[in-house]
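Undergrad: Residue-level listing of the chains:
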Amino acid sequence: MADTLVAEPATTAPARRGRLGPSPWHALAYVAPALVVYATFVLYPLGRAVHLSLFEWDGLTLATFVGLGNYVEVLTDADLRAAFGHTLVLIVFFALLPTAIGLVLAALLTRARLRGLPFFRTVVFLPQVVAMVVVGVAWRQLYAPDGSVNDLLSLVGLGGVARAWLGDPTFALPAVGVIGTWVQTGLVTLLLMAGISRIPDQLYEAARLDGAGPVREFFAITLPSVRAELAVALTLTVIAALKTFDLIYITTGGGPGNRTSVPSYEVYNRAFRLGEVGSAAAVGVTLTVIIFVINLAVAWIGERR
Amino acid sequence: MTSRRVAVAALLGALGLLAAGCTPGSDNTAAPPPTDRAVQTDIAALGPVTLTVWDQEVRGGQNEQMERLNAAFQQQYPNITIKRDSRSFDDLATTLRLALSGNDAPDVVQANNGRADMGAFVAAGELLPLGPWARAYGWDQRYPDSVSQYVSYSPDGKVFGEGEMYGLPQVGEVVGIYYNPAELQRLGVAVPTTWEQFEAALAAVKAAGTTPIALGNVEGWPALHVFGTVQDQLVPADQITDLAFGRKGASWTTPENTQAAQRVAEWARAGYFTEGVNGIDDNQAWQAFARGEAAFLIGGSWYAADLEAAMGQNVRFMPPPPPAGLPVSATGGTGLPFAITSASDAPDAAAAYLDFITSSDAMQVLTETGNLPVVDTAAQTPPAGLSRDVFAAFAAVADGGRLLPYLDYATPTMGDTMGAALQDLLSGAQPPEAALSKVEADYAAFVEKNG
Numbered sequence: 001m002a003d004t005l006v007a008e009p010a011t012t013a014p015a016r017r018g019r020l021g022p023s024p025w026h027a028l029a030y031v032a033p034a035l036v037v038y039a040t041f042v043l044y045p046l047g048r049a050v051h052l053s054l055f056e057w058d059g060l061t062l063a064t065f066v067g068l069g070n071y072v073e074v075l076t077d078a079d080l081r082a083a084f085g086h087t088l089v090l091i092v093f094f095a096l097l098p099t100a101i102g103l104v105l106a107a108l109l110t111r112a113r114l115r116g117l118p119f120f121r122t123v124v125f126l127p128q129v130v131a132m133v134v135v136g137v138a139w140r141q142l143y144a145p146d147g148s149v150n151d152l153l154s155l156v157g158l159g160g161v162a163r164a165w166l167g168d169p170t171f172a173l174p175a176v177g178v179i180g181t182w183v184q185t186g187l188v189t190l191l192l193m194a195g196i197s198r199i200p201d202q203l204y205e206a207a208r209l210d211g212a213g214p215v216r217e218f219f220a221i222t223l224p225s226v227r228a229e230l231a232v233a234l235t236l237t238v239i240a241a242l243k244t245f246d247l248i249y250i251t252t253g254g255g256p257g258n259r260t261s262v263p264s265y266e267v268y269n270r271a272f273r274l275g276e277v278g279s280a281a282a283v284g285v286t287l288t289v290i291i292f293v294i295n296l297a298v299a300w301i302g303e304r305r
Numbered sequence: 001m002t003s004r005r006v007a008v009a010a011l012l013g014a015l016g017l018l019a020a021g022c023t024p025g026s027d028n029t030a031a032p033p034p035t036d037r038a039v040q041t042d043i044a045a046l047g048p049v050t051l052t053v054w055d056q057e058v059r060g061g062q063n064e065q066m067e068r069l070n071a072a073f074q075q076q077y078p079n080i081t082i083k084r085d086s087r088s089f090d091d092l093a094t095t096l097r098l099a100l101s102g103n104d105a106p107d108v109v110q111a112n113n114g115r116a117d118m119g120a121f122v123a124a125g126e127l128l129p130l131g132p133w134a135r136a137y138g139w140d141q142r143y144p145d146s147v148s149q150y151v152s153y154s155p156d157g158k159v160f161g162e163g164e165m166y167g168l169p170q171v172g173e174v175v176g177i178y179y180n181p182a183e184l185q186r187l188g189v190a191v192p193t194t195w196e197q198f199e200a201a202l203a204a205v206k207a208a209g210t211t212p213i214a215l216g217n218v219e220g221w222p223a224l225h226v227f228g229t230v231q232d233q234l235v236p237a238d239q240i241t242d243l244a245f246g247r248k249g250a251s252w253t254t255p256e257n258t259q260a261a262q263r264v265a266e267w268a269r270a271g272y273f274t275e276g277v278n279g280i281d282d283n284q285a286w287q288a289f290a291r292g293e294a295a296f297l298i299g300g301s302w303y304a305a306d307l308e309a310a311m312g313q314n315v316r317f318m319p320p321p322p323p324a325g326l327p328v329s330a331t332g333g334t335g336l337p338f339a340i341t342s343a344s345d346a347p348d349a350a351a352a353y354l355d356f357i358t359s360s361d362a363m364q365v366l367t368e369t370g371n372l373p374v375v376d377t378a379a380q381t382p383p384a385g386l387s388r389d390v391f392a393a394f395a396a397v398a399d400g401g402r403l404l405p406y407l408d409y410a411t412p413t414m415g416d417t418m419g420a421a422l423q424d425l426l427s428g429a430q431p432p433e434a435a436l437s438k439v440e441a442d443y444a445a446f447v448e449k450n451g
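First to last, the sequence lines map onto chains A and B. Its first residue numbered 1, the first sequence is counted upward by one per residue in UniProt numbering. Its first residue numbered 1, the second sequence is counted upward by one per residue in UniProt numbering.
I should point out that these hints are in silico values taken from the structure, not numbers from a laboratory. Where hints are given, some of them may not hold.
What the hints assert, rightly or not - Partial selection, computed: residues in chain B whose CB lies under 8 Å from chain A:
#1 23
#2 35
#3 39
#4 97
#5 99
#6 121
#7 271
#8 275
#9 278
#10 413
#11 420
#12 423
#13 424
#14 431
#15 434
Where is the CB? At the ideal position from N, CA and C, for every residue including glycine.
The task is simple: from the sequences and hints, build the whole structure.
TA: Okay, structure coming up:
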């Protein structure tokens with residue numbers, strides 16, 4: 001905080017520099033330690049990744065400069081395009097569904113004033129606490145041909161739709177998505193509950209006096225009041241959807257065929273297993289840009305009043 | 001304003017440094033290691049040496065033979081200390097590439113034979129050609145051509161299957177058919193001795209309500225061995241060898257290969273494989289076979305130890321029975337060969353180590369610990385039980401039949417491409433022709449680039 005205060009005069013009022021406050025070099029000296037760390041561990045690797053993405057390189061022999069060739073491949077290669085397409089599906093499962101479910105759950109949990117609230121809050125949040133690898137392994141058991149999901153289906157007479165969910169060309173991606181929904185809903189619910197609990201009770205009382213029911217209350221008061229929390233929740237979950245790696249790695253390895261491959265998995269696969277480092281870097285940079293743009297958009301929508 | 005300008009200047013400076021910072025891999029362009037050099041075989045004269053060895057011999061018997069041989073080697077040469085670093089097959093594959101190009105590379109590494117690993121390392125000059133030591137120690141006599149082709153490359157890494165030796169394998173591998181004799185007897189199905197009988201047996205087992213073949217294919221590679229086994233019976237051997245070594249002039253879309261793919265697709269449609277084959281993994285599949293839930297398991301000799309432990313007398317192994325009138329043909333070759341890195345500061349000590357762990361004494365240790373030695377196999381007395389079947393199968397294929405290379409050797413990306421294509425083939429998501437054309441595209445692109 002102190003850094004920005006000192007830096008402020010230098011950047012906003014250059015005309016008065018010299019009379020007011022110390023020179024910008026002082027400011028730079030204050031931010032230097034942080035900047036050095038940031039540059040070493042974030043900016044330099046990022047620049048290096050951009051640099052690598054301009055080459056065709058197997059990680060061992062001398063690379064060949066291909067300009068934007070790897071980026072053209074990201075756009076034209078059917079498998080890579082499909083990988084980016086799969087993340088769009090995952091965004092629905094990782095971000096949109098949890099937000100919808102989380103809104104309802106949060107409204108219920110805060111407004112219903114039921115006993116044992118901390119217990120329910122913990123249960124809902126639990127998936128967030130468990131390591132993703134453990135989540136993947138557990139769900140793999142659930143989805144197995146003789147796993148609990150299929151048992152449950154047979155129990156209610158739906159044995160006909162039972163299948164090896166993670167090996168099914170049509171259902172593998174949604175099946176992975178559902179795991180994401182399960183994991184992210186807790187986070188979204190908790191964030192929204194924090195937001196809802198800050199809404200003054202008088203607002204609800206006033207609404208009730210005006211004759212509003214619970215549904216009307218929700219749309220007239222709750223939803224507009226948690227706009228900021230919604231933006232945060234969407235940002236976090238959309239990033240999680242785009243970055244999904246561990247879940248894919250554990251459950252399907254991108255299969256069957258390439259039907260669950262996602263960009264993060266492709267980065268790993270190409271760099272470490274296939275020896276296509278340049279292409280991996282290009283996918284990584286493209287993914288970074290997309291995440292950045294989506295975050296800007298969500299932040300912009302969230303701040304617009 | 002000024003501080004912003006400073007920031008911009010700093011950023012530009014950093015980018016400039018990056019651009020000037022050379023082309024990736026340029027610190028790695030020294031001339032390829034010489035194929036001729038004076039070698040020292042008097043190891044005691046080398047003085048104290050520490051050898052760093054990276055292997056993937058982590059399972060029971062594999063680990064045991066490694067420990068025994070390392071101890072014996074250090075006893076024979078007290079001036080050498082072995083620093084062993086052992087990790088799983090997958091972990092080794094993903095870390096080796098980085099380790100070899102780093103400054104602190106190990107002396108001896110186990111590198112997979114194919115173009116994705118050994119081929120890439122040879123092309124980058126990371127491994128030493130073993131010719132000089134092969135002549136000094138007589139390795140060229142120790143290994144027959146049928147084995148040494150699996151570890152031979154041209155010094156530029158472009159030709160696979162001939163040229164210089166770059167590694168020495170310890171164990172042999174053969175893909176065959178495990179079967180459950182009690183289950184077959186219960187179902188009234190005779191043990192097949194020809195390919196036609198095998199296919200009839202599959203149909204009979206299915207008709208009796210049991211799963212014919214246990215297969216779990218989340219990983220993609222298990223189906224490669226099933227496809228390879230079918231292909232070995234239907235496609236001429238020289239076609240398969242050209243394809244698997246990534247040589248010019250072959251094709252995946254020949255009528256014979258198409259027929260093999262159609263056959264696998266038919267098997268899948270007929271329900272010959274474990275239900276939900278792409279949704280269960282390799283471990284689940286062989287464990288299901290071990291519990292008697294399937295009559296056959298098509299897989300490599302590497303399952304033998306685990307299956308025998310789980311099933312005792314109730315499992316047998318045979319090479320794929322050939323179509324009537326044809327020689328026995330199976331996929332197989334060598335376990336991961338041991339190679340010497342060009343960064344090693346004690347290549348002579350490393351060569352002595354390679355010689356030691358592949359000597360005839362070592363082959364005996366391998367046999368005693370339940371492994372399948374790659375040479376001198378016939379001279380060994382395998383322990384009773386499943387090992388005897390495996391030894392016999394390897395001898396039958398390597399001596400009297402055709403040992404055909406693994407299909408994923410072909411190109412750096414073939415394991416991935418074929419794995420995905422076969423998943424699609426098994427699930428019926430793609431017809432055989434479409435699955436094969438994806439494989440052909442990978443092969444053709446590589447062959448063209450390789451020149």
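Undergrad: Per the CB criterion, is residue 99 (chain B) less than 8 Å away from chain A?
TA: violated, 11 Å
Undergrad: Can the hint on residue 420 (chain B) be confirmed by a CB-to-CB distance to chain A that is less than 8 Å?
TA: Holds - the Cβ of residue 420 (chain B) comes within 8 Å of chain A, reaching about 5 Å at its closest.
Undergrad: Take the shortest C-beta to C-beta distance between residue 271 (chain B) and chain A; is it under 8 Å?
TA: violated, 13 Å
Undergrad: Is the shortest C-beta separation between residue 275 (chain B) and chain A less than 8 Å?
TA: Hint holds; residue 275 (chain B) Cβ to chain A Cβ min 6 Å, cut 8 Å.
Undergrad: Would the hint on residue 97 (chain B) stand, with a C-beta cut-off of 8 Å toward chain A?
TA: holds, 5 Å
Undergrad: Close enough to count: is the Cβ of residue 278 (chain B) nearer than 8 Å to one in chain A?
TA: holds, 3 Å
Undergrad: Holds or violated: residue 35 (chain B) as interface residue toward chain A, Cβ cutoff 8 Å?
TA: Status violated, d = 18 Å.
Undergrad: For the hint on residue 413 (chain B), does the least C-beta distance to chain A fall short of 8 Å?
TA: This hint holds: residue 413 (chain B) lies near chain A, its Cβ roughly 5 Å from the closest one there, short of 8 Å.
Undergrad: Measuring from the C-beta of residue 121 (chain B) to each C-beta in chain A, is the shortest one below 8 Å?
TA: holds, 7 Å
Undergrad: Take the shortest C-beta to C-beta distance between residue 434 (chain B) and chain A; is it under 8 Å?
TA: violated, 11 Å
Undergrad: Please check whether residue 423 (chain B) passes as an interface residue: C-beta within 8 Å of a C-beta belonging to chain A.
TA: Residue 423 (chain B) check passes; min Cβ-Cβ to chain A is 4 Å, inside 8 Å.
Undergrad: Measuring from the C-beta of residue 431 (chain B) to each C-beta in chain A, is the shortest one below 8 Å?
TA: Not OK, violated: residue 431 (chain B) not within 8 Å of chain A, min 13 Å.
When held up to the earlier numbered hints, the structure conflicts with 2, 3, 5, 7, 14 and 15 and fits the remainder.
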